[in-house]
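Peer 1: All chains, please: the whole structure from these sequences, using the hints.
Chains as they are written, first to last, in my numbering: chain F, 1 to 164; chain S, 1001 to 1599.
Be aware that a few hints might be false.
As the list claims (entries may be wrong) - Taking lysine to aspartate or glutamate pairs in the EDC-like style, the calculated list, with each CA pair at most 20 Å apart, reads:
(1) 1153/S x 69/F
(2) 129/F x 80/F
(3) 1199/S x 75/F
(4) 62/F x 1324/S
(5) 72/F x 157/F
(6) 1330/S x 75/F
(7) 90/F x 128/F
(8) 12/F x 1154/S
(9) 1245/S x 1378/S
(10) 1317/S x 1335/S
(11) 1330/S x 58/F
(12) 139/F x 127/F
(13) 1035/S x 1197/S
(14) 66/F x 1324/S
(15) 1199/S x 10/F
(16) 12/F x 1137/S
(17) 1428/S x 1406/S
(18) 62/F x 1208/S
(19) 1330/S x 54/F
(20) 139/F x 96/F
(21) 62/F x 1335/S
(22) 66/F x 114/F
If you're looking for bench data, these hints aren't it; they were derived computationally from the structure.
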Amino acid sequence: MRHTISLLVENKFGVLSRISGLFSGRGYNIESLSVGETIDPQMSVMTIVTSGDEQIIEQILKQLNKLIDVIKVVDMIDLDHVEREMVLIKVSPRQEDKAEVLRLTEIFRGRVVDSGPKTYTIEVTGDEKKIAALIELLKPMGIKEFIRTGKIAIAREKVKKPST
Amino acid sequence: MDIFSEFWVKLYNFPKGVKRRMKMNGAEILIESLKREGVKHMFGYPGGVVLGIFDHLYGDKDIQLILTRHEQGAVHAADGYARSTGKAGVVLVTSGPGATNTVTGIATASMDSIPLVVFSGQVPTMLIGNDAFQEADIVGISRPCTKYNFLVKDVNDLARIVREAFYIATSGRPGPVLIDLPKDVTAAKTEFVWPQEVKIRSYHPTLEGNKWMITQAAHLIAKSKRPVIVAGGGVILSNASRELKEFAEIADIPVIMTLMGLGAFPGTHSLSLGMPGMHGSYYANRSIQEADLLIAVGMRFDDRVTGKIDAFAPHAKIIHIDIDPTSIRKNVRVDTPIVGDAKRILAVLNKVLKEEIKEQWGEVRKAWLKQIQTWRKERPLTYTYSDEVIKPQFVVEKIFELTKGDAIISTEVGQNQMWSAQFYKFDKPRMWLTSGGLGTMGYGFPAAIGAQLAHPNKLVIDIAGDGSIQMNIQELATAVINKLPVKVAILNNRYLGMVRQWQELFFSERYSHTKLDETVPDFVKIAEAYGAVGLRATKPSEVEPVLREAFKNKKTVFMDFVVDWKEKVFPMVPAGAAIDQMLFEEHKEKTEKKLKAVK
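Peer 2: Dropping the structure here:
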């Protein structure tokens, strides 16, 4: 089962290697990892996508919690949340496919951020499914290269249901 | 001191005799911080980038630094000091090779949750990353085997970091902490400010157990007909022996102790079943397999304890008390987890049992305790004595007999360690120093040196093998020069005995690279060359006289016991088998048959 784990950590040197070292040292798998500062520059948020059975995920969460530089660990599976990832895709379509590439970009609410004589570079954000779908559609038109940021996730505001 | 400086001392917590706003360099701050932490002894080895610190230790009356002959020895010595006292062991070494030589010692302490604070020198901050002379990324290297580590980049952080390091090392589940000290940081000057308290926002170990869970546990105990307690090193680390004894006696529950837990409960107590697992007693393992309730306290279900995990304690509900949440449900299923400090949890549990449950257990437990007694009679821990050749177990038994259990025993790793665990009965905690988790050969001798330094009037004995002792034999110099009367009993079988035993049992007696034979040095001469005393026994009748002479002697003594090389550690659970599928000392054919059956 795939889990998205959000970590609030100290923004110090060496923290990333403590976390990645924990995963590699214990044989856990990292599918993606992204890091960025929070509104308080002394803290960062890491979003890690990992997978494993229930017992492994429980160990991962506990082991992360045990690290001294980790302030808070949240398994997003427990929360209603929004996930996003950004991808940059460089396509080199044949002349007859160019229009289709641009049309797809528009349908997926992407943008062309660079264009050359042979290639378009498309920027698109979305959840996993949307990005996978776009990549599938663009594949036949010749993707030269693509690069993704890794997933980030944020919990939705808890809305109290009005009592009737 | 005038009234004003007294005021400043109080306000800023300046060291005694230090005038207000006096600046100190990093080395002085370090030493002053160590004094504030109550450090009296440390172990180390000098070198280029720590010369400044060593210079400030020169002639210091409050802190004694013991020069070992290898940095690994320094860390094991600090570890032995820590295990025997409960205080953090302190080490100071130089950069590069000095630092990398500490890694085995740090990993040993980490696996057994021993509090250490290790200071390593580092090249000046300007040179870090330049592959400078004697530079090693020790913060990177030690990351997976420390509880935490620091690189001090600014002298203003130094006192706070030292304070935090001691706090982290000794609180929660203890462990080693490393502080890397660049040369320029220890030379830079600043005001000394000792932090009044430690605040780490992301580190709050759970100490109090959940009361509801404890009550659940008490009810499980009340319902249980065949309970066993399995106590681990955590009981010793949290100084919970008294509470454990009370618990076992209130509810009449037999106690099994893991290798790390020996001494947590009196080994001579009628409820003690000794050690479980690979070389545990038959009756301990049988009790686990037949139990309907297993109460694990401060132990982590190591594979050497559980054997084949799916077949472990098949009928038992499991209550697991541990300070480290990651230990719970890591290896085995747990019915009632209780996270917190063993001492506090057991105290609450005892109270609940006494005040809320108020059961009279005597009758309920009778059948169970009688059953265990039958197993104990069926398969006692034993060996075959010989008149001709010294049996290693006989030496350990004699040591126990002569010391009456009142000695600090350290061991190396292998057969010597298992025989000591089986045949020496520990009645008190912190008397047993052994590398359980990592299994570090060469641990015992320096650990004994550290323990002897902390307990100058106690008898400290390292039970060693001829292989292991050679891994840190250079520490003879440390023991002799510091007049530390450590006794080393070498069970000399001219083999790497435990590996040889496996080769005999599982590799058709192909003794690949385990025969030391004529290359085993003359330990008597080695001891004498270092200025220690060397004694030898080759016949069983010589064992006791040699031990008596050694224990009488005020010097460091090496005792070379030339023992039966064929002797094996039994009982034994072959790797991967269930813990009740044990091999015993029997006729060879029988063992072979059994091995086949297990396979």
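Peer 1: Run every hint past the structure and note whether it holds.
Peer 2: Checked hints:
Straight-line distance between C-alpha atoms of residue 1153/S and residue 69/F comes to about 17 Å, which keeps the hinted pair within the 20 Å bound. Distance restraint check for residue 129/F and residue 80/F: the Cα-Cα separation of roughly 17 Å lies within the 20 Å cut-off, and the hinted pair is therefore satisfied. Between residue 1199/S and residue 75/F the CA atoms are separated by roughly 26 Å; this puts the pair beyond 20 Å, and the hint is violated. Between the alpha carbons of residue 62/F and residue 1324/S the distance comes to roughly 9 Å, so the proposed pair stays at or under 20 Å and holds.
Straight-line distance between C-alpha atoms of residue 72/F and residue 157/F comes to about 18 Å, which keeps the hinted pair within the 20 Å bound. The straight-line distance between the Cα atoms of residue 1330/S and residue 75/F is roughly 19 Å, inside the 20 Å bound, and the hint therefore holds. At most 20 Å may separate the alpha-carbon atoms for a hinted pair to count; residue 90/F and residue 128/F meet this at roughly 19 Å. Of the supplied pair hints, the one linking residue 12/F and residue 1154/S holds, its CA atoms being roughly 14 Å apart against a limit of 20 Å.
Taking the CA atoms of residue 1245/S and residue 1378/S, the gap is about 26 Å. The hint is violated against a cut of 20 Å. Straight-line distance between C-alpha atoms of residue 1317/S and residue 1335/S comes to about 6 Å, which keeps the hinted pair within the 20 Å bound. With a C-alpha separation of about 9 Å, the suggested pairing of residue 1330/S with residue 58/F holds against the 20 Å cut-off. Of the pairs offered as hints, the one joining residue 139/F and residue 127/F holds, with about 18 Å between alpha carbons and a cut-off of 20 Å not exceeded.
Straight-line distance between C-alpha atoms of residue 1035/S and residue 1197/S comes to about 16 Å, which keeps the hinted pair within the 20 Å bound. Between residue 66/F and residue 1324/S the alpha-carbon distance is near 8 Å, which keeps this suggested pair within the 20 Å criterion. As the CA atoms of residue 1199/S and residue 10/F are separated by approximately 14 Å, the hinted pair is consistent with the 20 Å bound. Of the supplied pair hints, the one linking residue 12/F and residue 1137/S holds, its CA atoms being roughly 17 Å apart against a limit of 20 Å.
A threshold of 20 Å between alpha carbons decides the hint, and for residue 1428/S with residue 1406/S the separation of about 9 Å falls inside it, so the pair holds. Proximity of residue 62/F to residue 1208/S is assessed by CA-CA distance (about 18 Å); at most 20 Å being required, the pair is judged to hold. Only pairs whose Cα atoms come within 20 Å are accepted, and residue 1330/S paired with residue 54/F is accepted, the gap being roughly 11 Å. Distance check on the hinted pair: residue 139/F and residue 96/F sit about 15 Å apart at the alpha-carbon level, within 20 Å; holds.
Restraint check for residue 62/F and residue 1335/S: the C-alpha separation of about 18 Å stays at or below 20 Å, so the hint holds. Between residue 66/F and residue 114/F the alpha-carbon distance is near 44 Å, which puts this suggested pair outside the 20 Å criterion.
In the structure shown, a violation is registered for the earlier hints numbered 3, 9, 22, in ascending order.
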